[in-house]
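Colleague: Take a look at the letters that make up each chain.
2 protein chains.
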Amino acid sequence: MPLLERVVLACKAAGLSDFLVVTGYKPKPMRSFLARLARKRSVDIDVVENPDWEKGNGTSLLACCRKLTEPFVLVMGDHLFEPELLAGLLRVDSEDDSCFLAIDRRTERVFDLRGATKVASRSGCITAIGKDLESYNGIDTGVFLLTPAIFQALAKAQAKGGYGLSDGIAELAAEGRMQAYDIGERFWLDVDTPRSLREAKRHLARQVDKPSEDGFIARYLNRPLSIRLSLLLAHTPVTPNTITLISFTIALLGAWLFTRQGYLPVLFAGVLIQGSSIIDGCDGEIARLKALGSRFGAFFDTLLDRYADLAIATGITYGFWLTHPEFWVWLAGIGALSGFLLTSYAKKEYQLRFQKPPPLSFLPRLAKRDLRLFVIFLGAVVGQPFFAMLGVGVISHLAVFWILVRGRRN
Amino acid sequence: MPLLERVVLACKAAGLSDFLVVTGYKPKPMRSFLARLARKRSVDIDVVENPDWEKGNGTSLLACCRKLTEPFVLVMGDHLFEPELLAGLLRVDSEDDSCFLAIDRRTERVFDLRGATKVASRSGCITAIGKDLESYNGIDTGVFLLTPAIFQALAKAQAKGGYGLSDGIAELAAEGRMQAYDIGERFWLDVDTPRSLREAKRHLARQVDKPSEDGFIARYLNRPLSIRLSLLLAHTPVTPNTITLISFTIALLGAWLFTRQGYLPVLFAGVLIQGSSIIDGCDGEIARLKALGSRFGAFFDTLLDRYADLAIATGITYGFWLTHPEFWVWLAGIGALSGFLLTSYAKKEYQLRFQKPPPLSFLPRLAKRDLRLFVIFLGAVVGQPFFAMLGVGVISHLAVFWILVRGRRN
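Each protein sequence line maps, in turn, to chains A and B.
Residue numbers for the first sequence follow the numbering used here, so the first one is 1 and each next one is one higher.
Residue numbers for the second sequence follow the numbering used here, so the first one is 1 and each next one is one higher.
Keep in mind the hints are simulated off the structure, nothing from the lab.
Keep in mind that a hint or two might mislead.
[As the list claims (entries may be wrong)] Okay, derived cross-link-like pairs now, DSSO-like style, lysine-lysine, Cα gap no bigger than 30 Å in a straight line:
| no. | chain 1 | residue 1 | chain 2 | residue 2 |
| --- | --- | --- | --- | --- |
| 1 | A | Lys356 | B | Lys290 |
| 2 | B | Lys26 | A | Lys40 |
| 3 | A | Lys28 | A | Lys290 |
| 4 | B | Lys12 | A | Lys356 |
| 5 | B | Lys26 | B | Lys160 |
| 6 | A | Lys356 | B | Lys356 |
[Unchecked claim] DEER-style ranges, computed between Cβ atoms:
| no. | chain 1 | residue 1 | chain 2 | residue 2 | range |
| --- | --- | --- | --- | --- | --- |
| 7 | A | Phe387 | B | Pro325 | 18 to 28 Å |
| 8 | A | Asp182 | B | Phe362 | 51 to 61 Å |
| 9 | A | Gln384 | B | Pro357 | 16 to 26 Å |
| 10 | B | Ile246 | A | Gly293 | 38 to 48 Å |
| 11 | B | Val92 | A | Gln152 | 22 to 32 Å |
We put the beta carbon where it would ideally sit given N, CA and C, even for glycine.
Please model the complete structure; the sequences and the hints are all you need to start from.
Modeller: Set out below in structure tokens:
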């Protein structure tokens, strides 16, 4: 996903929907890209071409002067930031028509300090700004809340030969009209070097993680692998729902292989369902990476997981019954598979009845899908998937009982 | 449940928690009853004894004059009303210290018009009140919002020989200080004759119904039977959770009988599970009748329903397999039982993801538990419970698919 799309999404998440993009280099392909982006993300994007873009980014903002007659937000096309940073800035209640620059006080921790624009401020007012400032107490994050007053300031700066945005800001600061907004611990990153691009990717990968909801195996085995896979898949046009279907198909294949005789097919079946379990994490990750998440996607994934569990348990039971043709095998299989379905059910029901997340204590965590499939995989490795399944089946019913007990305590 | 307990519950539901009850006849047993009631329903109940109670109900209110120094609500111990009636009266924003009487404008439809107290009012002000009023435009519902001014009015009325509450109200009305509050279409009922007691029971029985959520069979077969049963059970101390357990046990018994050979055990098994389905409605009904509903009770009932379905499907499958020992019997049984569990699951998941009630269109309604158990009962009657179960199993999976499609449309 292009950086600019992420910037637009962050603005949208902060509540903005009308955009004005200033183009410089290769304006034509940019125009068609922006038209597609507007449609895809349901926002309005107007375009202003700045033929003088090479002179400095002050000329780009000045090119908008006729279109911007009210206070507006200015962001950089290559600066990532979390939506809450901008939302916080928008909540600033300014009495006069002050302009604001969001600054980062964590000067030592800023990613690329050398390339960053430094800011000096005193009691909330910016006193100096520039890349080579020697004394400073903040870093320019590239997120501004401005009034049309900036255009006069830019024109004034250009008359003195200063074509950068900072030159215009410095003019406003000199008049005491430029205020600093402290972003606190919010994330932002200027992505303009290969190194900062790598940092941006690392940050995204961390964002994609869902440690709070993950079980033991998901957290330490599946998630690290699925995130790597997702970062690769993110370069392809594959959608989260397609990944859901792929993971489901692999699980079905594994379920079928469990019905074949011999160690090798069973081992391979175990590998397939553990693979399916890992890939099952990718749909959500891709959705978060590409901001393609949908409630239907999550719904679809959850339902197919239940059908996959059903198929796997049935396959394992049938496979075991072929060599042990006794009725208790089926009863035990039904016991295990109903345990898988009913823990999931009990958690949903708990959430609906008590309007709070289901208990995540030891037993319910032990009955989660990641561990369930991993134990079956281990069972397959040692040639005993059936008994491994029965074990997690018993744990699943115990977890249902535990969820019931927790419900009683509420 | 005593009428007084229902009155206290209605007041509590309208937001009140401090009560003052005036006793007359047999004050001692009343005191211990009220102490138990206060504990049971977590409210404060203070008691005032009125030795002159036989003179008229005005003396009972006057007996409270030292304890009531701020505006208060006055209700009758034998008048049922829905909480929203009182809540609406409490929302009246009175500028001066007016007193209010909640009146019913549906004078023709009032249950016991002859015994009722009539009220005449003009532009919101009560002008006359009394049982034998010839010209009136409203009925006294027995729900008041009063200020301590009523005590002077009562004393004044008593000096003239009027010991009824209405006499005091008439005094306030004469001073233009008594206003009428129109209850609109809200329910209330004065329960002081055997006829009105029967009407109260009819009203309760209607309240207990849940037509919006019920399936076809629940609505036209199970519910009419279970309500009758609940009205009987309401006279016993049996709790909703006990009924849940009884219904579950009967279902387990039915499941076990399905594994016996011969027509009679199977028929009896069918009768048992249909009986269990009917009794399954009673827990909620008793909970609503006795105001004993709890989120845990609903949670417990729903979970046990799933386990009952699981047991029934397993019993039927095992019973059929005994005479048809082939593996497809188990596969088909697993197919059916997973359909039962997964429609329930899909509905919960739908509700959680889309934050709205699950679709109640034809297919999901067809896959509801009432119809499922009824079809299996019919199957048992004709000696084919297994194939009846497979039929509803297929419908259940189709319903899951339909819920998925509806999710996609959201």
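Colleague: Would you mind marking each hint as holding or not holding in the structure?
Modeller: Consistency of the hints with the structure:
1. Lys356/A / Lys290/B: With a Cα-Cα distance of about 27 Å, the restraint between Lys356/A and Lys290/B holds, given a limit of 30 Å.
2. Lys26/B / Lys40/A: violated, 77 Å
3. Lys28/A / Lys290/A: Answer holds: Lys28/A to Lys290/A is near 25 Å, not above 30 Å.
4. Lys12/B / Lys356/A: This hinted pair holds, its Cα atoms lying about 25 Å apart.
5. Lys26/B / Lys160/B: holds, 29 Å
6. Lys356/A / Lys356/B: Distance of about 16 Å is within 30 Å: holds.
7. Phe387/A / Pro325/B: 18 to 28 Å: Taking Cβ atoms as reference, Phe387/A and Pro325/B lie about 24 Å apart, which means the hint holds.
8. Asp182/A / Phe362/B: 51 to 61 Å: With Cβ atoms ~58 Å apart, the hint holds.
9. Gln384/A / Pro357/B: 16 to 26 Å: violated, 44 Å
10. Ile246/B / Gly293/A: 38 to 48 Å: holds, 45 Å
11. Val92/B / Gln152/A: 22 to 32 Å: Roughly 58 Å apart at Cβ, these two residues miss the hinted range, so it is violated.
In this structure, the earlier hints numbered 2, 9 and 11 are contradicted, and the remaining ones agree with it.
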